[in-house]
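Visitor: Residue strings, one per chain:
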Amino acid sequence: MPRTELTIKAREHKLSPQELSDVFLSHVYALPDGRKIDLCIQCGTCSGSCPTAYAMDYSPREIFAALRAGMLDRVLFSNTAWMCTSCYTCTVRCPQEIKITDIMYELKRLGIKYGYTSPSTRAAALARNFINITNRLGRNNESELMMRFYLAGRWGDAFRNAGRGMAMFFKGRLPMPFGGKKVAGLDEMRKIRETLERLEEKKVAKEAGH
Amino acid sequence: MELLYYPGCSVEYTAKMYDTSARAVCKKLGTELKELPDWNCCGATTYMSVHELVSHGNSARNLALARREGADEMVAVCPACYIVLYKTNEYFQTNPEFADMIRQGLQAAGLDYDGGLRIRHLIDVLVNTVGLDKVEKLVENPLNGLKVACYHGCMLTRPFGGFDSEERPVIMEQLIRSLGAEAVDYPLTAKCCGGMVTNTESTKTIPVVAGLIRAAKAAGADCIAVACPLCHMNLDFYQPEVNQYLGGDYTIPVVYFTQLMGLAMGLSQRELEIGLELVPANKVLGKYA
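In the order they appear, the protein sequences are chains A and B.
Just so it is clear: in the first sequence, position 114 is 114 by the numbering used here, and no numbers are missing.
Just so it is clear: in the second sequence, position 8 is 8 by the numbering used here, and no numbers are missing.
Treat the hints as calculated values from the structure; they're not laboratory data.
Using N, Cα and C, we set each Cβ at its ideal position, and we do this for glycine too.
Honestly, I wouldn't trust all of these hints.
Ranges of calculated distance between the beta carbons of each label pair, as one might list FRET restraints [to be verified]:
1) B:T129 to A:D187: 35 to 45 Å
2) A:M166 to B:G266: 19 to 29 Å
3) A:K171 to B:P96: 44 to 54 Å
4) B:D249 to A:G153: 27 to 37 Å
5) A:D22 to B:E136: 54 to 64 Å
Work the whole structure out from these sequences, hints included.
Guide: Here it is as structure tokens:
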């Protein structure tokens with residue numbers, strides 16, 4: 001993304017790149033074992049182990065470097081976190097036992113929260129749809145998830161996958177989209193959600209105060 | 001024996017043959033899979049991308065429901081469900097601050113959790129609790145001559161290890177050998193298939209999928225056995241793109257390990273829903289049915 005657009009975004013949220021790095025750190029510190037992030041030795045085992053690093057704008061190792069340099073805004077605008085497949089190879093290999101996959105998730109969340117996702121990161125759109133569906137039904141409806149994703153202008157994918165999608169549908173492997181039975185405990189899920197959203201904010205605020 | 005079973009969203013539809021064959025195989029082995037009543041989505045890898053604690057909260061509701069059923073163990077077949085539930089449980093048991101927050105969430109909904117559950121994957125239960133001797137005894141129809149690339153994928157053993165190596169798991173190979181089939185040497189067995197990213201950015205992750213399929217072919221495999229709905233989807237659905245990328249015919253059927261178990265135990269292809277995959281497995285498996 002061009003620098004100008006980046007600056008506009010940062011101004012909208014009234015956060016400098018350094019401030020953004022601080023916000024990110026307080027979120028990471030709030031995670032279980034989050035403080036281990038300070039122990040990174042820049043060895044690159046994570047990047048070397050990552051199955052999709054070749055398709056990332058910045059490799060996992062570079063994220064930790066960017067964080068220290070106060071340049072996290074660039075990482076958030078890149079596709080890096082959204083190319084993470086959550087395979088946990090970096091996590092099990094990190095000699096400093098940093099839970100890198102959990103940190104990738106945090107980058108995704110921060111990007112969504114502050115609108116810092118690059119237009120090329122299509123996975124962010126899918127994630128938002130996933131949340132809407134599971135909050136509404138209690139379970140995921142895979143047809144609806146993919147149809148909402150395609151209908152938002154991914155015509156190439158829709159066209160390429162239509163035949164195989166129909167084959168799956170006729171084999172009984174896809175549900176009817178935009179419907180589906182609801183979990184009886186939806187109200188329980190809503191109460192859990194509301195309570196934990198509140199507690200999460202409190203925890204992050206506490207870490208920021210440290 | 002009765003086991004509390006968490007099916008997960010994928011096995012309701014996309015991976016229904018996994019659910020069907022898992023239940024059928026367990027029944028043969030004298031183990032009843034009892035579905036957790038009113039289970040909800042574990043959050044997969046996706047809910048976690050937007051809200052961390054809420055995702056754990058949703059996952060924890062299932063743990064609370066399982067305890068209400070009086071269970072000490074709950075088994076999942078989808079590795080993503082398994083690892084998400086396992087992770088919430090692990091953090092709950094080892095991080096008091098986390099546990100306190102989760103309990104506050106559950107209590108607001110009239111539920112509670114005591115941390116007393118053990119989350120397991122079906123393959124761990126089959127090999128380490130039921131036992132391979134019992135599986136071998138039930139083999140009526142050994143899969144002699146069938147060469148299988150056992151693809152464990154990521155989340156069976158990562159990040160917590162649990163029942164096998166994080167780097168080079170072998171549990172599925174042991175199981176497949178007990179059926180009379182040959183487990184070919186498959187070094188990429190725990191390399192990622194691209195996960196959900198393959199569904200959103202397929203053009204970028206086709207090289208990952210292609211590498212897995214090419215390695216299976218190079219090892220001389222007749223089929224790939226998987227334990228994960230998303231591995232199945234990515235390896236089965238995207239073969240036209242893989243062939244195009246590699247510039248040749250690398251077509252190979254992908255089946256669930258439970259389908260192979262059922263076949264060896266004398267169940268019919270229909271009972272195991274072989275045929276619901278996109279790359280037909282009948283040509284390779286038909287002679288064993």
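Visitor: Would you mind marking each hint as holding or not holding in the structure?
Guide: Going through the hints against the structure:
{"no.": "1", "hint": "B:T129 to A:D187: 35 to 45 Å", "result": "holds, 36 Å"}
{"no.": "2", "hint": "A:M166 to B:G266: 19 to 29 Å", "result": "violated, 34 Å"}
{"no.": "3", "hint": "A:K171 to B:P96: 44 to 54 Å", "result": "holds, 47 Å"}
{"no.": "4", "hint": "B:D249 to A:G153: 27 to 37 Å", "result": "holds, 33 Å"}
{"no.": "5", "hint": "A:D22 to B:E136: 54 to 64 Å", "result": "holds, 59 Å"}
The structure does not agree with numbered hint 2 stated previously, though it agrees with all others.
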